[in-house]
Every structure is written in C-alpha cells, then in structure tokens.
Amino acid sequence: MTENDKDIIETEPQPEAPKKKHNRFVQYFINLGARIKGWFVDKFLTVKDFFSGLFRKKPKDEFAYDGPQLSKGEKFRRGLKAQSGWLFVAPALILMAVFTFYPIVAAFVNSFKQGYSSTTGAFNGWGFDNFVRVLKGDTGTGGANFVQCLVNTLILTFISVPLSTLLALLISVGLNSIKRVQKAYQTILFLPYLTNALAMGAVFATFFKIIGTKSYTETVGMVNIVLGWFGIDPVDWVGATSPHWQIGSLSIPWAKYIVATIYEVWSGLPFKILILFSAMQSINKQYYDAAKVDGASRWTVLWKITAPMIMPQISYLLVTGIMGGMKQYSAIVGLFGETMGQAYDMGTMVGYLYNYIELGQMGYAFAGSLMLFVIIMIITFINNKVTKKRTTYR
Amino acid sequence: MRISIQHLTKIFPSRSRGGKAVHAVEDMNIEIPSGELVGLLGPSGCGKSTTLFMLSGLESPTSGKILFDDQDVTTLAAEKRGVGLVFQNYALYPHMTVEQNIRFPLDNMRIKKEEGNARALDAARLVQIEDLMTRKPNELSGGQQQRVAIARALVKMPNVLLLDEPLSNLDARLRLQTREEIKRIQRTTGITTVFVTHDQEEAMSICDTMVVMKLGIVQQIGAPQHIYDDPNNLFVANFLGTPPINIFKGRIEGGKVYIGDEVVSESPFGQGAPCTAFDDREIYIGIRPEGFIYDENGCLTLKVDHIEVMGRDKSVVSVHESSTKPTVRCIIDSDVLLPDAENLKFRIKPNKMVFFDGVTEERLREPLNVFKGTVEGGKVMIGQEAVAETSLEDREVFVGIGSDSFVWSEEGAFTLKTDSYESDGKTATVRASHEASVTGTVRCTLQGKLPQETEELKFAVKAGSVLLFDTTTKERLA
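Respectively, the protein sequence lines represent chains A and B.
Quick note on the working numbering: the first sequence kicks off at -9 and runs consecutively.
Quick note on the working numbering: the second sequence kicks off at 4 and runs consecutively.
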C-alpha cells in the first residue's frame, strides 16, 4: 500500500464499507457480543440502562430511621470500620490473585495464542490452532499424545476410584464390627497415607518388575512368582515389552493398567477408610437395633441402612477422588518412570502438561490444561447431579 | 401371647478394672397375661429399658428365663421372637419414605410386593398416617413419626409389642393424645404390650398392670389403682401420684399413730381394731394430698403458707415441722370455704394414709391372723376345721395365716363370720371374726373370684402358706 492509497481511504468516506474480515477467533467474540446485546434488546433494555439500574439509589423508605443523624466524619469512620473485614482477608486475596487467579486467566488467554513462545512472549495470531493440534496429536514435537493421556486418565480414574471406595466401605464395615484391637487395625490401615507417593510407586514397581536380560533373567518379580504357582506364565507388567491392545493409534497397555489400578486402589484406601469409618461410628446404634428386630440380614443392613446413611461421605469421596484421579501424576511416574511407560503410553493429563512445558511448547500445555479444567468441571457437575438426590435427606 | 419372666437378672461388667459391676436387673419375676398392656415404671437407671431390650432379644440376660407362652425364648435371636419394638427416638430410617420404613420388616421377611403393600397400608390406617406414605421422616412432626414407628412395629403382626419411652419426645398435649392412641391400638389389635416409662401419670393412665422398679429390683406389681392405694414401701408411695404424697415423720405409741403430739390414727392400719404390735417405733406417715378434709376439730394442724387456686380444686400449701419435705400440699374442693387463719386443722381420710417403718421404709402390714389350733393326725385343725396338712406330731399350736392367704371357695374348710366387706371389683377386704382367733379381727384380702357379701363366708387356705408356732416359746415350727 502506498502513501496515496492511504489518503484516499481516509478522505473518501465510504458509508457502505465492507465489513473488515476478522479471523475466526476474533469473529467469535464479536458474534458473542452481538448476541449479548440482543438479549438486552429483547428485554427492552439498553445495556446502559441495565447497568445504571444496578447502581440506582433505592427509593426512600418512609419507615426509615428519621432521628438525629451522625456527623459525616463519624459516618465515614464507622463505614470504614464495617469494611475492615477486607483488611483481614487481603493477604490471602492478594496471594490468590497473584498465584491462582492470574495464572488461570493467563492460561485461558495464552491458550489462544498461536505459536506462542514462552521465552519472548511472541506469537503469530489468535485462534484455536493449539486446541486443534493438541486434539489431533499433531504437535510435531514427538511429545505425549493428548487422546492417549486422556483415555489413560479416564480409565484409571473411573476404575480405581469406585473400586477403592467400595473396598473402603467393606473394610470399614468389617472394622466397625470388630471390638478388640480395632485401634491397631485402624492404625495399620492408615499407614500408607503417611508414605510418599513416589517412594511407594517405586517399591510397588519392584513387585512387578522383571530384572535381567533376554538370555538371563535374575528375577521375574514377586507377583509373577506367585502367579507362577498357579501355572500362569510371567507377564512383563511394567517393562518395555509389556502387553497391550492396539485400537487405531490408541494403545491400551492393559498390564500396566492393572498395576496402576492396584496401586491407586491401595494407596487411596487409608483416607477413604478413615472418612467412612468415622462416619459409620456416628450412626445411631438404634438404627441397627431396629434392623435387627426387623430381621434384616447383614447384606440388607449394609446396603439399605449403612450405605445410605453415609451417602454424603461416599459422595464426597467419589467427587474428590475423581478430581484427584484426573490430576494424577506422581504415582504413575513412580511406577513407570519419568517418561510414563514407553513414550507416554501410560501418560496422564498432568503428565502431558509437564511434558509440553519441558519441551517449551507452552501453547499446547495451556490448551491441554484448559481442556482438563473443562473435563473436570463437567464430571463434577454430573457427579453432583447424581449424588445430590441421594444425600439430601437430612 | 403370655409372657413369663423368671428370675431374670442382667449384670453389666464394670468398664474400669476393679470397678463395680452394675446390676441392671435383679431376680425379676413377672407373669404377663395375654393381651395385657403392662407398664414398666421407674426412675432413670432402674433397669426398665434393659428389661425391655431383654424381652426384645437385643440384650441377653445374665441369668433367668423369658417364656413366650410356653416357649423358652431366652436365647432366641431378636428377629425370631416376633416382637415389634418402638424406640425412644423412633429410629426411623431418614433416607426411606414412610412407606419404605413400614415395609422394611416385610421386605426382610420376603413377603410379596402386593401383599406387603396391602399390609403396610393396613398398618398405616391403624395409626392414621395413610396420607403420609410418600413423605420422608424429617418432613413429619414428632407425633407422626411416633405413629410411623408404631406402624413399622405392628406391620409384621408381632406377638408382643414393646415400646421404649414412647411418649417422652412429644409435647404435653400430644402426649395425652398419643397415650390414648396407644391404648386404642393395643385394644384393637389385642397384642400383648409392654411399655417403659418414667412418667407415673402416663403409666397409670393406660396400663392394665404396672411394674414399679428401683435400681433393678421390682418394688411392686399390680393394677395402677391398687399400687397407688396400697404401696409396698416408701419409694413406691413417693413415686406415684402428682402432686406427690406428703411424708411425715411420726411414731406409734399405745397402738396410736402420732405426728408430733397429735394423734392422726387410732390404729397403725388406718382403720380397724387397735393393734399394739408396732408400739414405740419411729415411722413414716404418707398422706395423699387429696386425703385431707378441712375440719375445725381435725386431728392435724398445719401452718398455712399460701393457697393455690386451680379452679376445679385448690391446694393448701403449708408447712409442718414433722414433714420430710419443705411443704405439705393438701388438695381440697374449691367450694370449701377456708377461714383466713394462720393455722388450719384437717381430718385425714383413713384410706389415703399409709405407714412405713422408719428404718426399712417398708409398709407396716397387718400382722398374721393367729388362731389357736391343734395338730391331729397330720392335719392342722382350727376348732373342728382342717385348714392344712403337716408332718408334725399331734400337739397344740398357734396357726398363723396371712390376710392374703385366704381363697374364697364354696367348699372351703374354714368358716368366718363377716364383720365388714369392702370391694372395688378386683379385690375385696373382708374383716371377720372367729372364736379361735388370738389377734381379734381376722382380715382377709381377696383377689380374683369374689364372693357376695353374706353373714358367713367359707374359705380355703392357700397350700403352704400356713405358719405354725409353738404355743409357749412362740418360735416357728419347721
């Protein structure tokens, strides 16, 4: 474009000028703005009226206090005093703003920056490119595959969390029905909770690990030895030759899933038992007496009385367990090493994010974290809907 | 179903080492006829709830037996006894609807759905909650929850209905209504019902039979009115009645009963012949509030503190130095005019006054009726009439027969001349005379089959209740 061309455009007003072409991303927000405006128009409101209405002074209350008034200074001082609560929450608010709210907003904004470089902050335009590439697995860096990580995370979470909650329920019932050495059992069951996840994962891996070369095997691992007693051939549970099913580009390393699930269930038990057991102890004993007189079997008592009575705690465990499961990382690293199995075939969502942060591809990490956030939101929402009906009887 | 409790004992071991074991129930013996409403009454901690839980099978007794009809259920599990139990706080499952709660026992019995629904509805109708079937317990009032609990207990058609403090969680008005309701349901179903309460008014108002307990020991068993009128000891007298009985310290001298310097009774039994058996003894005198009659020439002087007007009647609240309680309460008709005086004199209705030993706190009972008799050929003879059998050799004896050992019978061997006869339909008191009587008037209290009042009555004497004494040493003969 030359200098002259510019003048022409500025000097000649064009009332019917064609609309400027935005890219898809910007256009989306323009449309969104138009729709919001449309909503107000439908309600016979202008946007300005709506907001001025929010701050309009309330009509005078004829029964309002009409006695002697305070001085302006006193009013100010008292007003300040009434607001002094903010002062107390300010440190927390400021810290959260810096370390929580800002990163969330920044991640949201930056995930739409295409070709974002974390070192220079440069990017080449707005758009959904990051999301598309992440979902297609077309990141061009040889990093983890998003769909693989998502499937891994979902499968592990939705098998291990319900399973460990169910087991915790049964163990708690058993614990509740014994009288002697109850405290000792309780302590033993709680011990795993005090142990570091990485250390536990590493120890756990040795149970399953085959040590040796192709020609010479030192040990097939404890689990394989035990399975061998029942005539089951050794399985490479955690190693490079671990068996898996291939579905398209997706790999289902079932042996590793079993190991990870056993680990997750086991490490998740203590906290769940603690919660469920204490919930059970707070159930009025008369419910059980009543059930006994009415001839209820142990099974009936468990499913018709105990479980519904501690439904709030069960639902709490399911919700927090699933949220935690969606964010699991250290346990998998502990079990399968830093690359989460063979080239991230056991990768999790959080593992995916770390991987791309390490590779310097912040854009993909942002996009991935945003999707993780949305998925957790959706799951939690469904969870609440399902369990709410069963927990609101008190 | 008849319930028989035999030597029932429950001992809870102490929690701490070296602590004392708690004897919750000790050697309890009760026979409950089929279809009766029985109330276990006592202050908290007297073992009444423990007894109930032992009946239900939730607690197992330390020793003793429980029989339902003739079946020993002592070791039978709770669910096999066929009892319905209503808990103090109802124990309704909060996550189930009313219908599910009522159906719960039926579901456990694997009863078909249609039949179960019909039975649940029947039970709900009986307690009038059929409109509330879809509600949850927390959407019901206390009284409605109570009904649901009763319906749940009744729906499996139990042999025995057990209620643990069923009214204690209700407000005063609802309590009154619900206790009538319980009585009605019990009458309609005819189920033998045992209920526990610490409220004597509640127990007296609906029970057929009342069992008064204290510290695990049964104090008295009987019809409410009988226990009220004729308490066995100071505890029972004190526990029954609102306002409570007035207790005075007194003594017996020359067969007369004194409070302070005033003679309140000519005999330690309220009425009847003078008796010197309890002379020179410190006693407690219990006088029911309604037992006072204002009389200028009365035998007891009370210093008036104030008068409470209740409408139907009025209470004279006064003080007396011999009273064991701070105030003495007399309830008199509201139309009796009282002079505005500091001291008032009262006459006392003899049947509203009871005497207790000053040490044991046991009721002073009329002593044995003693007759001059002989043993002839293994038979105890009074005059020409044989009253019992014995293994003693022929000799002269004193024959002691308790007033409750007489049984009226047309073929009875023992004939008494009737002096007076009082009856309330269930029990009767006969005062009679006999030539051979050493103790004067013969007193018989009768239960069960009652005779018409005639000049002469024939009695049999309960087997094993005749006591024989030496005529000179007055020692008991084995």
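It should be emphasised that the hints constitute simulated quantities derived from the structure, not laboratory data.
Any given hint could be a false lead.
To be verified - DSS-like cross-link-like pairs, simulated, lysine-lysine; straight-line CA separation at most 25 Å:
| # | chain 1 | residue 1 | chain 2 | residue 2 |
| --- | --- | --- | --- | --- |
| 1 | A | Lys275 | B | Lys83 |
| 2 | B | Lys355 | B | Lys217 |
| 3 | B | Lys83 | B | Lys68 |
| 4 | B | Lys477 | A | Lys294 |
| 5 | A | Lys294 | B | Lys348 |
| 6 | A | Lys282 | B | Lys217 |
| 7 | B | Lys477 | B | Lys452 |
| 8 | B | Lys328 | B | Lys317 |
| 9 | A | Lys378 | B | Lys259 |
| 10 | B | Lys115 | A | Lys275 |
| 11 | B | Lys375 | B | Lys420 |
| 12 | A | Lys282 | B | Lys116 |
| 13 | B | Lys139 | A | Lys375 |
| 14 | B | Lys348 | B | Lys420 |
| 15 | B | Lys116 | B | Lys217 |
| 16 | B | Lys116 | A | Lys294 |
| 17 | B | Lys306 | B | Lys317 |
| 18 | B | Lys452 | B | Lys375 |
| 19 | A | Lys169 | B | Lys23 |
| 20 | B | Lys252 | A | Lys282 |
| 21 | B | Lys115 | B | Lys259 |
| 22 | A | Lys282 | B | Lys328 |
| 23 | B | Lys115 | A | Lys282 |
| 24 | A | Lys294 | B | Lys306 |
| 25 | B | Lys328 | B | Lys252 |
| 26 | B | Lys355 | B | Lys306 |
| 27 | B | Lys328 | B | Lys259 |
Here's how the hints hold up against the structure:
Among the hinted pairs, lysine 275 (chain A) with lysine 83 (chain B) is consistent with the structure: their alpha-carbon atoms are about 20 Å apart, no more than 25 Å. The hinted pair formed by lysine 355 (chain B) and lysine 217 (chain B) meets the criterion: a straight-line CA distance of about 23 Å does not exceed 25 Å. At roughly 16 Å between alpha-carbon atoms, lysine 83 (chain B) and lysine 68 (chain B) fall within 25 Å of each other, so this suggested pair holds. As the CA atoms of lysine 477 (chain B) and lysine 294 (chain A) are separated by approximately 71 Å, the hinted pair breaks the 25 Å bound.
Pair hint lysine 294 (chain A) plus lysine 348 (chain B) does not hold up; C-alpha atoms about 68 Å apart against a cutoff of 25 Å. A hinted pair counts as satisfied when its Cα atoms are at most 25 Å apart, and lysine 282 (chain A) with lysine 217 (chain B) does not qualify at roughly 29 Å. A hinted pair counts as satisfied when its Cα atoms are at most 25 Å apart, and lysine 477 (chain B) with lysine 452 (chain B) does not qualify at roughly 34 Å. Of the supplied pair hints, the one linking lysine 328 (chain B) and lysine 317 (chain B) holds, its CA atoms being roughly 20 Å apart against a limit of 25 Å.
Of the pairs offered as hints, the one joining lysine 378 (chain A) and lysine 259 (chain B) is violated, with about 78 Å between alpha carbons and a cut-off of 25 Å exceeded. A C-alpha spacing of about 29 Å is found between lysine 115 (chain B) and lysine 275 (chain A), which places the hinted pair above 25 Å, so the restraint is violated. A hinted pair counts as satisfied when its Cα atoms are at most 25 Å apart, and lysine 375 (chain B) with lysine 420 (chain B) qualifies at roughly 17 Å. Distance restraint check for lysine 282 (chain A) and lysine 116 (chain B): the Cα-Cα separation of roughly 21 Å lies within the 25 Å cut-off, and the hinted pair is therefore satisfied.
At most 25 Å may separate the alpha-carbon atoms for a hinted pair to count; lysine 139 (chain B) and lysine 375 (chain A) meet this at roughly 20 Å. Between lysine 348 (chain B) and lysine 420 (chain B), the direct Cα distance comes to roughly 38 Å. Violation of the 25 Å bound is thereby established for this hinted pair. Proximity of lysine 116 (chain B) to lysine 217 (chain B) is assessed by CA-CA distance (about 46 Å); at most 25 Å being required, the pair is judged violated. About 17 Å separates the Cα atoms of lysine 116 (chain B) and lysine 294 (chain A), which keeps this hinted pair within 25 Å; it holds.
Between lysine 306 (chain B) and lysine 317 (chain B), the direct Cα distance comes to roughly 16 Å. Compliance with the 25 Å bound is thereby established for this hinted pair. A hinted pair counts as satisfied when its Cα atoms are at most 25 Å apart, and lysine 452 (chain B) with lysine 375 (chain B) does not qualify at roughly 28 Å. A threshold of 25 Å between alpha carbons decides the hint, and for lysine 169 (chain A) with lysine 23 (chain B) the separation of about 22 Å falls inside it, so the pair holds. Between lysine 252 (chain B) and lysine 282 (chain A) the alpha-carbon distance is near 51 Å, which puts this suggested pair outside the 25 Å criterion.
Among the hinted pairs, lysine 115 (chain B) with lysine 259 (chain B) is inconsistent with the structure: their alpha-carbon atoms are about 72 Å apart, more than 25 Å. At roughly 46 Å between alpha-carbon atoms, lysine 282 (chain A) and lysine 328 (chain B) are farther apart than 25 Å, so this suggested pair is violated. This hinted pair checks out: lysine 115 (chain B) and lysine 282 (chain A) have alpha carbons roughly 21 Å apart, not beyond 25 Å. Pair hint lysine 294 (chain A) plus lysine 306 (chain B) does not hold up; C-alpha atoms about 65 Å apart against a cutoff of 25 Å.
Restraint check for lysine 328 (chain B) and lysine 252 (chain B): satisfied, since their Cα atoms lie roughly 10 Å apart, inside the 25 Å limit. A hinted pair counts as satisfied when its Cα atoms are at most 25 Å apart, and lysine 355 (chain B) with lysine 306 (chain B) qualifies at roughly 21 Å. A C-alpha spacing of about 23 Å is found between lysine 328 (chain B) and lysine 259 (chain B), which places the hinted pair at or below 25 Å, so the restraint holds.
This entry does not satisfy hints 4, 5, 6, 7, 9, 10, 14, 15, 18, 20, 21, 22 and 24, going by the numbered hints stated previously.
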